[in-house]
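Engineer: Let the sequences and hints guide you as you build the complete structure.
For the sequence shown, the positions run 744 to 962 when our numbering is used.
There's no promise every hint is true.
[Stated by the list, open to error] Under the rule of at most 30 angstroms between Cα atoms (straight-line distance), these lysine-lysine pairs were calculated in the DSSO-like manner:
1) 941 - 763
2) 878 - 825
3) 946 - 825
4) 833 - 753
5) 833 - 810
6) 872 - 839
7) 823 - 872
8) 946 - 810
9) 753 - 813
10) 763 - 753
11) 825 - 763
12) 810 - 800
13) 839 - 878
14) 800 - 813
15) 885 - 823
16) 941 - 885
17) 750 - 823
18) 891 - 839
19) 810 - 839
20) 941 - 833
21) 941 - 888
22) 843 - 878
23) 891 - 825
24) 782 - 763
25) 813 - 823
26) 888 - 876
27) 810 - 825
28) 885 - 843
29) 878 - 888
30) 823 - 810
31) 843 - 941
32) 843 - 810
[What the hints assert, rightly or not] Here are the in silico distance ranges between beta carbons for each label pair:
33) 892 - 921: 18 to 24 angstroms
34) 931 - 871: 31 to 37 angstroms
35) 856 - 771: 44 to 50 angstroms
36) 773 - 845: 57 to 63 angstroms
37) 912 - 777: 37 to 43 angstroms
38) 769 - 876: 50 to 56 angstroms
Calculated from the structure, these hints are not laboratory results. No residue lacks a Cβ here, since even glycine has one placed at the ideal position from N, Cα and C.
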Amino acid sequence: MANIAHKVWKILDNNPSIRKNLRRGLINHSALARFIIEKNNLDTTLDAVISAIRRYKLDQYDEVYGKANKIIGQSSISTKSKLANINLIKDSEIQKTLPKLFSLINYNQGDTLRVIQADESIKILVDEKNLEKIKALFPNNKIIKIDKRLAEINLHLPEEAVNTPGILAITSNELAMSDINVMETMSCVPELLWFVNKEDILKAYNVIYNLCNSSEEKA
Numbered sequence: 744m745a746n747i748a749h750k751v752w753k754i755l756d757n758n759p760s761i762r763k764n765l766r767r768g769l770i771n772h773s774a775l776a777r778f779i780i781e782k783n784n785l786d787t788t789l790d791a792v793i794s795a796i797r798r799y800k801l802d803q804y805d806e807v808y809g810k811a812n813k814i815i816g817q818s819s820i821s822t823k824s825k826l827a828n829i830n831l832i833k834d835s836e837i838q839k840t841l842p843k844l845f846s847l848i849n850y851n852q853g854d855t856l857r858v859i860q861a862d863e864s865i866k867i868l869v870d871e872k873n874l875e876k877i878k879a880l881f882p883n884n885k886i887i888k889i890d891k892r893l894a895e896i897n898l899h900l901p902e903e904a905v906n907t908p909g910i911l912a913i914t915s916n917e918l919a920m921s922d923i924n925v926m927e928t929m930s931c932v933p934e935l936l937w938f939v940n941k942e943d944i945l946k947a948y949n950v951i952y953n954l955c956n957s958s959e960e961k962a
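Structural biologist: What follows is the structure in structure tokens.
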């Protein structure tokens, strides 16, 4: 029974929207319990999950994540559309070519360049208008994939965000709960960036905007 309770509490920890509505008294515990069991394939009884929901300490969660919510409420949002993501094999040839990117980007005109390096690949996010000339820098056999029609959401955070846990968890969970597929995410404090399909940008913006407003009200 204790194991089921901890599973349920972890599920609630990861779902800010559900917690918010629980706090407001807008969610029926039985309906929520059925949803949790079905969504997470839990092998347990309805009564056990209802009991765990009732014993969930909303105030304790607020104490842990209260500062994160306050900082989100002090943030600003901007968006950018018509972006493309070039996924490259990471090797010495690509590494030597990367510096040539900067001469192709006109920062004075607001051109975009985001570079993400992992162990096996490198991703370059640029404006679609610059895609072909940047693509021409790299051999075709080094290009893994190109995604077009992307958009960026930029959450500009206060400086203290770097020392505050929970910001990424809260914002990412809100997007996931709204069925928004995040293609890429990156952090360069004080900025937190998400890249989504162009068709999802308005919905994603509204999710983050509403989160900022609700967090501001709590602050």
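Engineer: A separate judgement is required for each hint: does it hold in the structure or not?
Structural biologist: A quick look at each hint next to the structure:
Of the supplied pair hints, the one linking residue 941 and residue 763 holds, its CA atoms being roughly 28 angstroms apart against a limit of 30 angstroms. Under the criterion of a C-alpha separation no larger than 30 angstroms, the hint pairing residue 878 with residue 825 is consistent with the structure, at around 16 angstroms. Of the supplied pair hints, the one linking residue 946 and residue 825 holds, its CA atoms being roughly 16 angstroms apart against a limit of 30 angstroms. Annotation: proposed proximity of residue 833 to residue 753 is violated, straight-line Cα distance about 37 angstroms (limit 30 angstroms).
The suggested pairing of residue 833 with residue 810 is violated, with an alpha-carbon distance near 38 angstroms, which exceeds 30 angstroms. For the given pair, residue 872 sits about 24 angstroms from residue 839 by alpha-carbon distance, which is consistent with the 30 angstroms threshold. For the hint pairing residue 823 with residue 872, the CA-to-CA distance comes to about 13 angstroms; that is within 30 angstroms, so the pair holds. Using a Cα cut-off of 30 angstroms, the hinted pair residue 946 and residue 810 holds, with the two alpha carbons roughly 26 angstroms apart.
A threshold of 30 angstroms between alpha carbons decides the hint, and for residue 753 with residue 813 the separation of about 22 angstroms falls inside it, so the pair holds. A threshold of 30 angstroms between alpha carbons decides the hint, and for residue 763 with residue 753 the separation of about 15 angstroms falls inside it, so the pair holds. The suggested pairing of residue 825 with residue 763 is violated, with an alpha-carbon distance near 34 angstroms, which exceeds 30 angstroms. Distance hint between residue 810 and residue 800 is fulfilled; the C-alpha atoms sit about 17 angstroms from each other, no more than 30 angstroms.
With a CA separation close to 15 angstroms, the supplied pair residue 839 and residue 878 stays within the 30 angstroms bound. This hinted pair checks out: residue 800 and residue 813 have alpha carbons roughly 19 angstroms apart, not beyond 30 angstroms. Of the pairs offered as hints, the one joining residue 885 and residue 823 holds, with about 27 angstroms between alpha carbons and a cut-off of 30 angstroms not exceeded. Simply put, residue 941 and residue 885 have alpha-carbon atoms about 26 angstroms apart, close enough for the 30 angstroms limit, and the pair holds.
The hinted pair formed by residue 750 and residue 823 fails the criterion: a straight-line CA distance of about 38 angstroms is larger than 30 angstroms. Our distance criterion of 30 angstroms between C-alpha atoms is met by residue 891 and residue 839, whose separation comes to about 25 angstroms. Of the pairs offered as hints, the one joining residue 810 and residue 839 is violated, with about 43 angstroms between alpha carbons and a cut-off of 30 angstroms exceeded. Note on residue 941 and residue 833: the hinted pairing holds, with a Cα-Cα distance of about 27 angstroms set against a maximum of 30 angstroms.
Note on residue 941 and residue 888: the hinted pairing holds, with a Cα-Cα distance of about 18 angstroms set against a maximum of 30 angstroms. About 12 angstroms separates the Cα atoms of residue 843 and residue 878, which keeps this hinted pair within 30 angstroms; it holds. Restraint check: the Cα-Cα separation between residue 891 and residue 825 comes to about 8 angstroms, which is no more than 30 angstroms; the hinted pair holds. Only pairs whose Cα atoms come within 30 angstroms are accepted, and residue 782 paired with residue 763 is accepted, the gap being roughly 19 angstroms.
Distance check on the hinted pair: residue 813 and residue 823 sit about 25 angstroms apart at the alpha-carbon level, within 30 angstroms; holds. Straight-line distance between C-alpha atoms of residue 888 and residue 876 comes to about 16 angstroms, which keeps the hinted pair within the 30 angstroms bound. Distance hint between residue 810 and residue 825 is unfulfilled; the C-alpha atoms sit about 34 angstroms from each other, more than 30 angstroms. Only pairs whose Cα atoms come within 30 angstroms are accepted, and residue 885 paired with residue 843 is accepted, the gap being roughly 16 angstroms.
Note on residue 878 and residue 888: the hinted pairing holds, with a Cα-Cα distance of about 11 angstroms set against a maximum of 30 angstroms. Taking the CA atoms of residue 823 and residue 810, the gap is near 28 angstroms; set against the 30 angstroms cutoff, the hint holds. Taken as a hint, the residue 843 and residue 941 pair is honoured in the structure, with Cα atoms around 28 angstroms apart against an allowance of 30 angstroms. Among the hinted pairs, residue 843 with residue 810 is inconsistent with the structure: their alpha-carbon atoms are about 42 angstroms apart, more than 30 angstroms.
Checked against the hint of 18 to 24 angstroms, the pair residue 892 and residue 921 passes, with Cβ atoms roughly 19 angstroms apart. Distance hint check for residue 931 and residue 871: the Cβ-Cβ separation is about 22 angstroms, which falls outside the suggested range of 31 to 37 angstroms. As the Cβ distance of residue 856 to residue 771 is approximately 49 angstroms, the hint placing it in 44 to 50 angstroms holds. Checked against the hint of 57 to 63 angstroms, the C-beta distance between residue 773 and residue 845 comes to roughly 58 angstroms, which is consistent with it.
At about 25 angstroms, the beta-carbon gap between residue 912 and residue 777 misses the expected band of 37 to 43 angstroms. The given range of 50 to 56 angstroms is respected by residue 769 and residue 876, whose C-beta atoms sit roughly 52 angstroms from each other.
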